[in-house]
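From first to last, the protein sequence lines stand for chains A and B.
Here our numbering is used: the first residue of the first sequence is 1, the next is one more, and so on.
Here our numbering is used: the first residue of the second sequence is 1, the next is one more, and so on.
Keep in mind that the hints were calculated from the coordinates and are not lab data.
Since the structure is predicted, the reported quantities are computational estimates derived from the model, not experimental observations.
Treat the hints with care, since some could be wrong.
For identical chains, the list gives no copy identity; a pair is met inside one copy or between any two copies.
Claimed, not checked - Calculated cross-link-like contacts (lysine-lysine; reagent style DSS-like; alpha-carbon spacing at most 27 angstroms):
1) 226 to 2
2) 22 to 47
3) 226 to 76
4) 2 to 305
5) 22 to 305
6) 2 to 102
7) 76 to 22
8) 226 to 268
9) 22 to 226
Number of protein chains: 2
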Amino acid sequence: MKELWSQRCRGLIPYTPGEQPKGRKLIKLNTNENPYPPSPQALRAIKEAAGEGLRLYPDPECTELREGIALALDVKPEQIFVGNGSDEVLSLAFQAFFDPDKPIRFADITYSFYPVFADFYGLSYREIPLDEHFSLPLAPFLEPGGGVVLANPNAPTGRELDLCDIRSIVAANENSVVVVDEAYVDFGSRSAVELVSLFPNLLVVRTFSKGRSLAGLRVGYAVGDKDLIAGLNAVKNSFNSYPVDRLAQAGALGAIRDQDYFRATATKIISTRACTSGHLRSMGFTVCDSAANFLFVTHETVPAKVLLEGLRQRGILVRWWDKPRISNYLRITVGTDEDMQTLCQALREIIAEQA
Amino acid sequence: MKELWSQRCRGLIPYTPGEQPKGRKLIKLNTNENPYPPSPQALRAIKEAAGEGLRLYPDPECTELREGIALALDVKPEQIFVGNGSDEVLSLAFQAFFDPDKPIRFADITYSFYPVFADFYGLSYREIPLDEHFSLPLAPFLEPGGGVVLANPNAPTGRELDLCDIRSIVAANENSVVVVDEAYVDFGSRSAVELVSLFPNLLVVRTFSKGRSLAGLRVGYAVGDKDLIAGLNAVKNSFNSYPVDRLAQAGALGAIRDQDYFRATATKIISTRACTSGHLRSMGFTVCDSAANFLFVTHETVPAKVLLEGLRQRGILVRWWDKPRISNYLRITVGTDEDMQTLCQALREIIAEQA
Numbered sequence: 001m002k003e004l005w006s007q008r009c010r011g012l013i014p015y016t017p018g019e020q021p022k023g024r025k026l027i028k029l030n031t032n033e034n035p036y037p038p039s040p041q042a043l044r045a046i047k048e049a050a051g052e053g054l055r056l057y058p059d060p061e062c063t064e065l066r067e068g069i070a071l072a073l074d075v076k077p078e079q080i081f082v083g084n085g086s087d088e089v090l091s092l093a094f095q096a097f098f099d100p101d102k103p104i105r106f107a108d109i110t111y112s113f114y115p116v117f118a119d120f121y122g123l124s125y126r127e128i129p130l131d132e133h134f135s136l137p138l139a140p141f142l143e144p145g146g147g148v149v150l151a152n153p154n155a156p157t158g159r160e161l162d163l164c165d166i167r168s169i170v171a172a173n174e175n176s177v178v179v180v181d182e183a184y185v186d187f188g189s190r191s192a193v194e195l196v197s198l199f200p201n202l203l204v205v206r207t208f209s210k211g212r213s214l215a216g217l218r219v220g221y222a223v224g225d226k227d228l229i230a231g232l233n234a235v236k237n238s239f240n241s242y243p244v245d246r247l248a249q250a251g252a253l254g255a256i257r258d259q260d261y262f263r264a265t266a267t268k269i270i271s272t273r274a275c276t277s278g279h280l281r282s283m284g285f286t287v288c289d290s291a292a293n294f295l296f297v298t299h300e301t302v303p304a305k306v307l308l309e310g311l312r313q314r315g316i317l318v319r320w321w322d323k324p325r326i327s328n329y330l331r332i333t334v335g336t337d338e339d340m341q342t343l344c345q346a347l348r349e350i351i352a353e354q355a
Numbered sequence: 001m002k003e004l005w006s007q008r009c010r011g012l013i014p015y016t017p018g019e020q021p022k023g024r025k026l027i028k029l030n031t032n033e034n035p036y037p038p039s040p041q042a043l044r045a046i047k048e049a050a051g052e053g054l055r056l057y058p059d060p061e062c063t064e065l066r067e068g069i070a071l072a073l074d075v076k077p078e079q080i081f082v083g084n085g086s087d088e089v090l091s092l093a094f095q096a097f098f099d100p101d102k103p104i105r106f107a108d109i110t111y112s113f114y115p116v117f118a119d120f121y122g123l124s125y126r127e128i129p130l131d132e133h134f135s136l137p138l139a140p141f142l143e144p145g146g147g148v149v150l151a152n153p154n155a156p157t158g159r160e161l162d163l164c165d166i167r168s169i170v171a172a173n174e175n176s177v178v179v180v181d182e183a184y185v186d187f188g189s190r191s192a193v194e195l196v197s198l199f200p201n202l203l204v205v206r207t208f209s210k211g212r213s214l215a216g217l218r219v220g221y222a223v224g225d226k227d228l229i230a231g232l233n234a235v236k237n238s239f240n241s242y243p244v245d246r247l248a249q250a251g252a253l254g255a256i257r258d259q260d261y262f263r264a265t266a267t268k269i270i271s272t273r274a275c276t277s278g279h280l281r282s283m284g285f286t287v288c289d290s291a292a293n294f295l296f297v298t299h300e301t302v303p304a305k306v307l308l309e310g311l312r313q314r315g316i317l318v319r320w321w322d323k324p325r326i327s328n329y330l331r332i333t334v335g336t337d338e339d340m341q342t343l344c345q346a347l348r349e350i351i352a353e354q355a
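All chains, please: the whole structure from these sequences, using the hints.
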C-alpha cells in the first residue's frame, strides 16, 4: 500500500493530536483549549476582513501583526516571525537550526511532537530524563551541543522552569540554538522574551491558541534575534510563502491589542486551576504544581486508565498517554468553574465505585 | 550572520512570490488573483464561523470540506487531502512521494517553486526544455523515472496540455507519482481528476486561490488514490497537524457549494482573456494561447523590461522574470474589463514613446 511513498515517508510515526469529537456534546478537557471565547475585538476584526479583500493573497510577512506583537512584547518587529500555529513555527525551527550530525536535547517527558519533528528531519537527539518530581536536571543542558528544546511551562506536567536556569542553559549553548516553547506561558509564568535581546541563540515560540482562545485560527510566532528570524523566513519561503491567511492575521492582531480581555480570562483560569487542584488533592490525587492551563494528576488507588474510561462514559474527555513513567497520569485541561465542578463530581463517583 | 543556521538552511534560494504592494492604489496584474470577490456564500460561512467556536482546534481532517469537494468533483472524500494553499500541498507531496536518488522531471519553464522544493528536500531533478512554442515534449516524460510534476495549464505560459498526453505520461510512470498541478484549471481547461480513479499513481493538486477568488484564505487540495492521500497525511502529521483553520474550512466549503457563482466569474474572465488577447495582438504582441487567468506575451519591438517599467510608472503591476528564454516576456493577469482597458491604453502609450 506504500509502494509509491518516499523512503522517508514509509518510516514515519506521526504525531497524534488529541481527539476532536464531532456531534455529541462533551466536556472537552483533552486538548488544552481555552474555555472562554476569543476577544470580541478579534472576532470583529475577522468579520471586517471577511470581504472582497480575500481575493488577494495575504501579506506574506504579516507586517501589521508583527508590529502589534512587537508592541505588546516590547521588542522590534524584525525580531518576530509568524506562522501557522506554533507547531508550524517549531517545525520550521527544527529545519532552520538543527543538523543531523549534532544531537539536540529535550526532556524525556515533554511535548511529544519534538521527537516526531526530529525523526522526520533525520535529526539525532538525546532525551534527558526528568527527575521523579518531573523537574528538569540542569547539568545535561549546560554542556554545549547541537541545540536544545525546552517547553516552559512543560507539557504535559505543567511544571515551570526557573528563568535563571533558562538563562544558564542559553548562555552555555552560545554556538547552537535554544528553543523555548512557551505555548502555555500565558497562565502565570515568566517569559524568556526578556532574554531575547541579550542572547542571539535564543528563540522563544508562542501561540494564540491557548491564552488568546484562538486554537481554531492557527497563529503562532517566534521571538528572537533578527538572524534567527531570517533563518525561519528562508525555510518558510522554501516550503509555503503564505501560511497565515488574511483572517488569521486580522484576528490575531485584534486579540493582541485586547490585553484587558486577555488578562481577565487568564486570571479566571489561574483561579479555577488553584481551586480544582485543591479539590483533586482532597480526593487523593497527587497534582503537579502547574503554571499552565492544565493539571497533571495521578490517583493514590484508582488507575488512570479507569478514571479515563469512567470520565469518557460520563461525557468528559481528558488526555492519557500509554507511555513509560506517565501511564498512570491524566492531563486535565482547566475549563470553566462549572466544567471543573462536573469533573470533580464525576471523579468522586468513579473513585467511590472502585472503593 | 548565518552561524546558527543549519547546513541545509545556509544554501537555500527561496521562492520569491510576486509583490504584494501596501498602501498606494495599483492595478495588480502580477500574482494571478481573481478580479472578482469571493462567493457571497463563502463570506457568509466565514462570518458565521467567526464566533466562540474559534477557541477550539479545527477538524484536522477537514471532514466536511472534503465531503463538499468530493461531491463537486464526483470522487470519494477519502480521495481528497486539504492543505494550507496548493503550495503546502505540493510541498508535502514532494516529501511524501519523491526520493533523493531518483531524479524527478518537470519543464524548464514552469512554476518556479518546483526546483525550490526539490532543492530544499535534497531531491535531484531534470528540467525538460519546452520547445520554441513553449509546448511540452512528450518523449522525456514517457520513460519511467523518479516522478513527474506537470502544471496544467502551465505557468507562466498559460499553455494547456492535452488530457490524452497526461494519460500517456501517467500510464508510462506506473511505479512513481505524477503530480498534475491544476492551480489554473478553472478557466476552461479539462481536468485530470477524471483519471484519478483509473491510476493509483496520479495526484491532482488544486486551489481555491484562483477560480474561487480566495487567495487570501489559503486552501488547496489534492485528489488521488486513498494510498497517496494517506502518504500526504503521514507527512502533514509529522509537520503540523492543523494547517487549515476553522474559517478557511468554512469559507472554502461555502465557495465549493456555490457552483453558479464560480461558473459566472470564470466565464467573465475567459471572455476578458479572449478580448484582451485580440487587442494585444493588434499592438504587435505575440500572445501564447492561454487556458489560464493570465497572458504570457512578448512584443515585436519593445523589450519586456521597458514595458514592465512603463506600466509600473502608470500604477500597473505585471510579472517579469530575469531568466533564460523568457526574459523578454511579461505575464499579465486577466483582471476586469476595465483593468484590461487601462492596461491596453498604457501599453499603447509606452509603445508609442518607443517608436
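For each hint, the structure was consulted:
no., hint, verdict
1, 226 to 2, "between (41 angstroms within a copy, 11 angstroms between copies)"
2, 22 to 47, "both (25 angstroms within a copy, 21 angstroms between copies)"
3, 226 to 76, "within (9 angstroms within a copy, 46 angstroms between copies)"
4, 2 to 305, "neither (34 angstroms within a copy, 48 angstroms between copies)"
5, 22 to 305, "within (23 angstroms within a copy, 55 angstroms between copies)"
6, 2 to 102, "between (31 angstroms within a copy, 17 angstroms between copies)"
7, 76 to 22, "between (41 angstroms within a copy, 20 angstroms between copies)"
8, 226 to 268, "neither (35 angstroms within a copy, 45 angstroms between copies)"
9, 22 to 226, "between (42 angstroms within a copy, 22 angstroms between copies)"
Of the numbered hints given earlier, the model fails hints 4, 8; all others are met.
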